[in-house]
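Asks: Build out the structure end to end from the sequences listed, making use of the hints.
There are 2 protein chains.
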Amino acid sequence: MSETSTFAPRATTEQVEEGRLFAPKFDGEGLITCVVTDAWSAQVLMVAHMNPEALAKTIMSGEAWFYSRSRQKLWKKGESSGHTQRVVEMRVDCDQDAVWIRVEQEGPGACHTGRRSCFYRAVPLGKAGAVSLEFRDGERTFDPGAVYGKTK
Amino acid sequence: MSETSTFAPRATTEQVEEGRLFAPKFDGEGLITCVVTDAWSAQVLMVAHMNPEALAKTIMSGEAWFYSRSRQKLWKKGESSGHTQRVVEMRVDCDQDAVWIRVEQEGPGACHTGRRSCFYRAVPLGKAGAVSLEFRDGERTFDPGAVYGKTK
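Protein chains in written order, with our numbering: chain A, 1 to 152; chain B, 1 to 152.
Source of the hints: derived by calculation from the structure; they are not laboratory data. Since we're looking at a predicted model, the values are computed, not measured. A couple of the hints might just be wrong.
As the list claims (entries may be wrong) - Listed next, the stretches of chain B that the computed footprint assigns to chain A, with coverage defined by at least 3 CB atoms under 8 Å from CB atoms of chain A:
1. 6-19
2. 29-38
3. 81-90
4. 103-114
Beta carbons: idealized from backbone N, C-alpha and C, even for Gly.
Replies: This is the structure:
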């Protein structure tokens with residue numbers, strides 16, 4: 001499947017917001033933001049980015065593919081760790097510049113630090129001055145050294 | 001509260017990922033991605049962006065502030081519609097380049113198109129060729145013309 005056959009051009013606001021054409025908006029770097037939530041717990045697991053190829057591969061395969069800005073390469077979630085993500089549902093937002101996937105997370109976690117979710121720290125609200133983060137659900141569910149050790 | 005007193009400088013990966021210092025990473029445009037979920041339904045309501053001022057105001061006030069890329073201005077969610085968002089919890093991810101807020105959504109919806117969530121269309125998976133979006137929870141919960149009419 002080529003990306004050109006998958007994605008429609010963006011014409012009017014009415015088409016983008018109320019239509020059935022999928023016309024994702026990629027940013028200046030050619031990427032779209034993807035929010036990943038756990039299909040069962042509804043927790044946000046991670047936020048990542050997709051280029052057109054990653055988005056097309058995710059749609060076609062039903063497994064999560066992303067684009068790494070730091071490594072500048074396409075990657076399949078779980079290719080190193082085995083912690084793949086099966087997409088239960090993909091949604092797109094009103095202006096089609098973000099997608100949301102609900103996934104079944106394979107294995108003990110989504111975060112490269114060894115946690116279930118990347119969002120394991122809370123930012124306290126309503127306090128002036130320097131912020132001290134609070135760990136929440138911060139227990140490791142796997143040993144990242146053991147899981148990623150061979151490839152790092 | 002100045003932003004300089006709120007945010008710490010980014011030093012090592014260890015500090016950013018495992019520390020208690022809040023050292024958010026703003027992108028080339030000076031923005032950080034913010035995922036907004038409904039504190040009760042856990043649905044993703046919207047994805048927006050914050051500049052340092054919006055992030056600091058959100059932390060201090062406990063109400064959601066964002067930065068509009070299209071209008072190039074700081075805005076308080078609900079300033080036109082009255083549909084404000086009270087932040088129940090803010091979290092930051094492992095590399096501190098995204099924040100997630102769980103909010104109590106005031107009023108009937110978060111989306112400027114008149115829906116509860118901006119993610120009212122699904123992208124079908126596993127089909128080759130052009131994508132036809134499917135409306136999900138796409139019923140309007142308010143009339144955007146009536147709510148925004150005076151200010152647009």
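Asks: For every hint, state whether the structure bears it out.
Replies: We went through each hint and held it up to the structure:
{"no.": "1", "hint": "6-19", "in the structure": "holds (count 6)"}
{"no.": "2", "hint": "29-38", "in the structure": "holds (count 3)"}
{"no.": "3", "hint": "81-90", "in the structure": "holds (count 3)"}
{"no.": "4", "hint": "103-114", "in the structure": "holds (count 3)"}
The structure meets every hint from the earlier list without exception.
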